[in-house]
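Number of protein chains: 2
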Amino acid sequence: MKPLIGVDWGTSSLRVARIDSAGHAIEERSSQRGILTVETGQFPSVLEAACGDWLAQDPLVLVCGMAGSRQGWVEAAYAPCPAGFDDIASHLAWVEPGRVAIVPGLSCERDGVPDVMRGEETQVFGALELLSTGSATLVLPGTHSKWVHARDGRIMDFSTFMTGEIYALLRHQSILARTMPPQDDDTLDEAALRTGIEQAMQSGSLLSAAFSARTLALFDRLPAKAAASYLSGLVIGEELRSQKLDRSQEVIVVAQAQLAKRYALALQGLGVASRCVGSEASWRGLSAIARRIGENA
Amino acid sequence: MKPLIGVDWGTSSLRVARIDSAGHAIEERSSQRGILTVETGQFPSVLEAACGDWLAQDPLVLVCGMAGSRQGWVEAAYAPCPAGFDDIASHLAWVEPGRVAIVPGLSCERDGVPDVMRGEETQVFGALELLSTGSATLVLPGTHSKWVHARDGRIMDFSTFMTGEIYALLRHQSILARTMPPQDDDTLDEAALRTGIEQAMQSGSLLSAAFSARTLALFDRLPAKAAASYLSGLVIGEELRSQKLDRSQEVIVVAQAQLAKRYALALQGLGVASRCVGSEASWRGLSAIARRIGENA
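These protein sequences, in sequence, are chains A and B.
In terms of our numbering, the first sequence opens at residue 432 and continues consecutively.
In terms of our numbering, the second sequence opens at residue 432 and continues consecutively.
In case anyone wonders, no lab produced these hints; they're calculated from the structure.
There could be a bad hint or two in this list.
When chains are identical, the list treats them as one kind, so a pair holds in a single copy or across two.
[As the list claims (entries may be wrong)] Straight-line C-alpha distance at most 25 angstroms; calculated DMTMM-like pairs for lysine to aspartate or glutamate:
no., residue 1, residue 2
1, Lys433, Asp620
2, Lys675, Glu540
3, Lys675, Glu629
4, Lys433, Asp451
5, Lys692, Asp617
6, Lys656, Asp583
7, Lys656, Glu459
8, Lys675, Asp542
9, Lys675, Asp588
10, Lys656, Asp489
11, Lys656, Glu540
12, Lys433, Glu560
None of the values given here were measured: they were computed from a predicted structure.
Turn these sequences into a full structure, and let the hints guide you.
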């Protein structure tokens with residue numbers, strides 16, 4: 432097999448890694464050259480700038496993330512759910528046959544409404560491999576959190592929550608920002624996070640619960656430096672409330688450590704077990720896809 | 432009784448009216464001199480500029496709205512719910528005894544969380560008078576919508592929804608803005624509004640439902656010019672979903688005509704009857720308070 436270079440090319444960042452045959456990153460680099468900063472036709476040269484030294488070794492390059500969107504390098508049509516590793520591997524959009532391919536995102540449909548992901552499918556498959564399981568409920572928190580149901584190695588369906596984006600809007604642009612410190616120095620206050628989660632669980636809607644961040648501050652019951660953690664609890668709690676979580680279940684949290692910790696605390700508060708997987712999930716997922724390509728070749 | 436001047440002094444606007452003894456506005460003026468534009472100590476001169484000719488006739492001036500907040504003219508402490516006309520009248524903050532008074536806002540507490548309103552209490556009392564009823568469920572839609580329960584002429588409790596503010600953030604600042612026309616030329620598309628409301632009713636959370644405005648656009652199932660109405664339906668629907676509305680109930684919508692129409696359509700879709708009251712509610716409310724002062728004097 433050729434050496435493998437993994438590329439996680441998102442909206443606002445570009446991460447590249449040399450990946451060994453076991454799916455571990457040997458070397459990793461990242462930059463702010465997300466697809467929004469790259470003009471049409473410039474994707475090859477931006478990748479060359481990021482890891483030209485690696486590309487010289489004639490590797491297989493697998494790209495996941497928004498680079499496969501209409502505004503990206505080459506559009507990779509969504510593969511419909513249910514979808515497994517093999518479906519992904521057979522839907523690759525080859526930029527250079529045998530050398531550079533883009534992993535397709537997934538789509539699903541629920542109650543007449545479509546949903547989409549790009550990049551998270553690779554993390555999910557990687558996380559399942561890392562945990563040696565084929566069936567799990569996973570959450571990939573972020574700007575647009577994804578809740579994913581996998582069974583027998585296939586992603587059955589998923590749903591998107593605009594949790595991170597709405598948090599940021601409320602934190603920085605709404606009336607709630609007026610009673611919070613101006614900087615984004617939002618050290619986690621665990622007690623405030625828990626209070627926010629509890630408040631969200633007993634509230635009927637974030638539209639209403641969010642206002643409590645203001646009134647609690649007005650009545651001196653929420654210190655300014657705890658307010659962002661409380662708000663974080665409100666939005667994470669709202670996301671969890673709308674899942675139908677069973678205490679016998681386990682949720683796999685795929686996220687970097689700080690964000691994963693917030694979700695782990697939230698799930699713990701509901702009596703739901705969780706395990707966390709970090710950024711290694713993407714590399715492991717790309718490695719598993721590369722292996723499938725090798726088997727089919 | 433002295434002639435009455437009503438002042439509705441909000442965060443971003445100032446409205447003044449000469450009010451007759453039946454509670455009708457004889458003459459109305461408005462400007463953008465909301466309290467955020469007024470420096471401490473400058474409230475009398477800004478009011479003088481707005482209606483000095485009326486003030487020359489030695490009227491009673493009653494002021495409702497954010498002018499009674501800590502950042503306003505004179506702070507009028509919140510009156511706690513349940514509260515009726517008499518409670519409001521006995522909690523007035525007099526700027527000049529017998530001449531200029533500020534109507535206090537209301538506070539209530541629910542599940543350990545305080546809630547507040549300033550200005551809406553006057554509209555509610557005015558609407559109840561206009562409709563000759565003392566008991567009703569009312570909604571005052573806006574940046575921060577208020578749902579109010581009144582019984583026997585008293586406001587029993589209420590809750591705030593950040594519907595208008597979150598709509599504006601999603602409409603203009605979020606990823607959803609990318610698939611909508613840039614201008615704020617959001618002509619109501621009734622069908623899209625209804626679809627949004629239905630989607631919200633069957634969704635568990637706005638965090639998730641909001642993303643459908645993006646995916647429906649991506650899959651060419653939501654025309655760009657209908658997207659803002661759809662989003663409006665999503666947030667109004669979310670607000671209604673978290674009410675426990677009974678089809679035998681009637682909801683009083685207190686709002687200007689365009690916004691009232693959206694709520695009336697939404698309520699109609701749920702089989703809930705509604706009646707609408709406009710800006711005359713504030714003047715009628717201030718008139719009722721003036722009458723109480725007269726009776727107590």
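Consistency of the hints with the structure:
1. Lys433 / Asp620: Classified as neither; 47 angstroms inside a copy, 55 angstroms across copies.
2. Lys675 / Glu540: within (18 angstroms within a copy, 29 angstroms between copies)
3. Lys675 / Glu629: Answer is both: 16 angstroms inside a copy and 21 angstroms across each meet the 25 angstroms cutoff.
4. Lys433 / Asp451: Within one copy, since 10 angstroms is at most 25 angstroms while 87 angstroms is not.
5. Lys692 / Asp617: For Lys692 and Asp617, the Cα distance is within 25 angstroms only inside one copy (14 angstroms; across copies 41 angstroms).
6. Lys656 / Asp583: Result: close neither inside a copy nor across copies, 45 angstroms intra and 42 angstroms inter.
7. Lys656 / Glu459: neither (35 angstroms within a copy, 44 angstroms between copies)
8. Lys675 / Asp542: both (16 angstroms within a copy, 23 angstroms between copies)
9. Lys675 / Asp588: This pair counts as within: shortest intra-copy Cα distance 14 angstroms, inter-copy 30 angstroms.
10. Lys656 / Asp489: Answer is neither: 52 angstroms inside a copy and 48 angstroms across each miss the 25 angstroms cutoff.
11. Lys656 / Glu540: Close across copies (23 angstroms), not inside one copy (41 angstroms); limit 25 angstroms.
12. Lys433 / Glu560: within (21 angstroms within a copy, 81 angstroms between copies)
Of the numbered hints given earlier, the model fails hints 1, 6, 7 and 10; all others are met.
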